[in-house]
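A.B. asks: Below are the chains, spelled out letter by letter.
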Amino acid sequence: MDTKQARFLQLIEENKGILFKISKIYQDDPEDRSDLLQEMILQLWIAFDSYRAESKFSTWMYRVGLNTAIAFFRKQKRRPDSEKLPFGFDQAEEKTLAGEKEEQLAVFYKAVQHLNKVEKALVYLYMEDVPYDDIAASLGITPINVRVRLNRLKSKLKEIIKNMNYEYR
Amino acid sequence: MNIDDLKDTWKNDQPKGDNLNSKSAFCKKSGSPLSRIRRNMKSEFIAVLVSYACLIMLLFYGNQSAHYLNLANPVVNASIIVIFILFILNGFYFGRFFAFYRSFSQYDLNLKDSIRKITYELELNIEIYKTYNFCVTPLAVLVTFMLLCGTNGMHYVQKVLSTNTFESPLNLLIIFAVIIISFAVTYICINHHLRTQYGKYVAELKEIADDLGNEG
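Line order of the protein sequences matches chains B and S. 48 is the number that my numbering gives to position 48 of the first sequence; each next residue is one higher, with no gaps. 1012 is the number that my numbering gives to position 12 of the second sequence; each next residue is one higher, with no gaps.
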């Protein structure tokens, strides 16, 4: 393995939470999530030469990751409709998710599946506490529009969660 | 629950265990629509090379094959000329595709620009692919017709060419009809293939680009 590849893999490992969260937001099905994860890593590797270290690696990573997730289309395959809550990536992780907050997070992930691809990107950036100006720069829209969209988005999520019979304050 | 209250839980939601198989991503094929077109193109290029090899073997095997297929010299010569035209067309289009794909891939733009770029590249590729097929398919059909029908087919063509068109235009009209039908069938098949393969991707990407573009 060459130095560049080793450095890349190390950076990916250090920031893998970003990719896991993006894949959880964009894909409900575990197999599709795994495909998306692999696709994001592949696209990050292809674009790695363009990373100039002027910004943090994590910032560059979520930008490439979100762009990949939005342009990603799941495979055409027949699968039974699943209503399982989108817990972790494997059974081991599912078992560790316990408690009220974790359950709420699982409900949140489920509710997010009802949003469109741009709204999902907004949710991710909002949950990561990315400043509005940076969200605007990442999406290519104005900061005012970020605010407007986020307000609409919160109302939409509230409705979705209420329809799932969960209390929303 | 409230999404603002969930932020801490969200931050603590880290992957557990060694689930991220980064190394295998290097060996994996990309599933993006553009990459799929690129792979299809590569397969087609290989198929074109194989078919050229077969045709060249068939034509240059000497008198034996010409005799076996009942091919007269005009048929062989006409086939060679059409194959040469096909060769130039294929070289031109595959050269363009190759140059295009080498310049492709910039995923670190902002979302709006990235989606616009992918949509544009996808649409451009589809159009070039249509033009390529529209040019090449009828000629490929013509070569196949000439080789399969052999001298009998050539007799008919010679008869049409030697007829006085103003006195009996029917034969020429039949040829025109066949040409129009072959182009129409090619066009319909290509469009159907591209619509079913990539149409929904383009439509969805356009929708996203419009959504972002409207309020940019």
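Heads up, a few of these hints could be off.
Simulated crosslink set (DSSO-like; lysine-lysine; CA at most 30 Å straight-line) [stated by the list, open to error]:
id, chain 1, residue 1, chain 2, residue 2
1, S, K1200, B, K110
2, S, K1159, B, K156
3, S, K1130, B, K156
4, B, K110, B, K158
5, B, K56, B, K4
6, B, K156, S, K1042
7, S, K1007, S, K1130
8, S, K1130, B, K154
9, B, K120, S, K1112
Hint data in this document are derived by calculation from the structure and do not stem from the laboratory.
A.B. asks: Hints first: check each against the structure and report whether it holds.
C.D. replies: Hints, one by one, checked against the model:
no.	hint	verdict
1	S:K1200 - B:K110	25 Å, holds
2	S:K1159 - B:K156	73 Å, violated
3	S:K1130 - B:K156	42 Å, violated
4	B:K110 - B:K158	13 Å, holds
5	B:K56 - B:K4	17 Å, holds
6	B:K156 - S:K1042	44 Å, violated
7	S:K1007 - S:K1130	49 Å, violated
8	S:K1130 - B:K154	44 Å, violated
9	B:K120 - S:K1112	14 Å, holds
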